[in-house]
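Participant: What follows is each chain in one-letter form.
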Amino acid sequence: MKQEQIEAKEFVYDLATYLLTSARGCMDEPLIYGPLRLIDGLSRLVTISQYAPCIEPDEFLLKAKKRIDENKYVLMQSEEQFKAFLDSLTKEFISELKRRNNLE
Amino acid sequence: MDLFEALKKRRAIREFTEDPLSDEIISKLVYAASRASTGNNAPYRRILVVRDWKTIRLIKQLSPGILGLPTALIVIFTEMDIANELGKLGNICSTIDAGAAAENVALAAASMGIGACFTRSYSEAGVKEILDIPDNCRTELMLQLGHPKREQPPPLRPRAGADAVYLNRYGLRWESK
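As you go down the protein sequences, you meet chains A and B in turn.
Taking this note's numbering, the leading residue of the first sequence gets 23, the next gets one more, and so forth.
Taking this note's numbering, the leading residue of the second sequence gets 91, the next gets one more, and so forth.
These are calculated hints, taken from the structure and not from any lab test.
Each hint should be verified, as a subset may be incorrect.
As the list claims (entries may be wrong) - Counterexamples of contact, computed for chain B against chain A with all Cβ distances above 12 Å:
1) D92
2) I156
3) G189
4) M202
5) D222
6) N226
7) V255
8) S266
Stated by the list, open to error - Examples of chain B residues lying across from chain A (beta carbon under 10 Å, computed):
9) A102
10) F208
11) R210
12) P248
13) G251
Virtual Cβ for every residue (Gly too), placed ideally from N, Cα, C.
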C-alpha cells in the first residue's frame, strides 16, 4: 500500500472534519482534551503552506509545529507542564509578532 | 517473546511507517483479541479489521485521537441486543470485555514489535456509518496498528498515584518484593 499525498482540497477537508469531530468529542471527553485539540489543530494548520502555493512556508511556524508535536503528549502526564508549555509557546509567538511588527 | 517481556515493552505507539502489516501478523492479532473471555460467555463482542487504505484515511478524518496514520485498525464493538440480555451487567461487562480483547491485541503486537494504540476519540456516528456497523451496536474502542516509526515521542511516565496497590485492606500498601 502506498499512501497517497494529500492535495490542497483534501487538506481543508481534513482540517474541517478534525475540527468538527473534535467539537463533538469535547462534549463527552475530559475537559483538558479541548486544549489538546486546539493545539493539535494549530499544528495541522501550519502545514497549509505545503498545499497552498500562495502561502510561503514560515520558519517560525514550522518550528512551533515541531515543538507542539514534541510536547502535546505532555498533557497526559502533567497538566501543569502542559500549561507551562502553552505559556512558553505563547511568549515565543509574542516575540515573533513583535519582531514582525518592528516592536522589538 | 515472553509475556512479561511484552508487558514491559508495551506502550502506546501513534506514529507508523507506510509498510502494511502482513496477513500473518493480522491473523495473530485477531486471534489474540478472540482469546479474551466474555461475561457469561455471551457472544456479544464483534471485531472488525480495517486494512483498506482509503477507509483508514476516512476514519482518521473523523478521529481526532488518531494522530499518525496507522496501516490497520481493529474496531471492537458490542451487539447491544445480546449484551442487554444480561441486564445492566451485560452493559458493563461488554465494555470490560472489549478492553480485555484490546489489551490482548496490544500485548500480542508488542511481542511482535508491532505498534498499537487504543483510541476512543473518534466520531462514533461517523465510524459506524463508514463501516456499516448496525445501529444496535455500540463501538467500544479502536486499535491503531502498524509498524512503528523509529522516531517516537518519549514514553509517558505514570502519574503519581496511578495503580496504587493495597494488600488486604484499602490504604495498606502492597510492597512489591
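Participant: Are the hints correct? Go through all of them and say.
Facilitator: A quick look at each hint next to the structure:
1. D92: Given a closest Cβ separation of 28 Å, the condition holds.
2. I156: Violated, because the least Cβ-Cβ distance between I156 of chain B and chain A comes to about 10 Å, which does not exceed 12 Å.
3. G189: Holds, since 17 Å exceeds 12 Å.
4. M202: holds (19 Å)
5. D222: Holds: least Cβ distance 19 Å, greater than 12 Å.
6. N226: holds (20 Å)
7. V255: holds (20 Å)
8. S266: For S266 of chain B, whose nearest Cβ neighbour in chain A is about 22 Å away, the distance exceeds 12 Å, so it holds.
9. A102: This hint holds: A102 of chain B lies near chain A, its Cβ roughly 9 Å from the closest one there, short of 10 Å.
10. F208: With a minimum Cβ separation of about 12 Å from chain A (threshold 10 Å), the hint on F208 of chain B is violated.
11. R210: Holds. Min distance 8 Å.
12. P248: It holds, given that the least Cβ distance between P248 of chain B and chain A is near 9 Å, below 10 Å.
13. G251: violated (13 Å)
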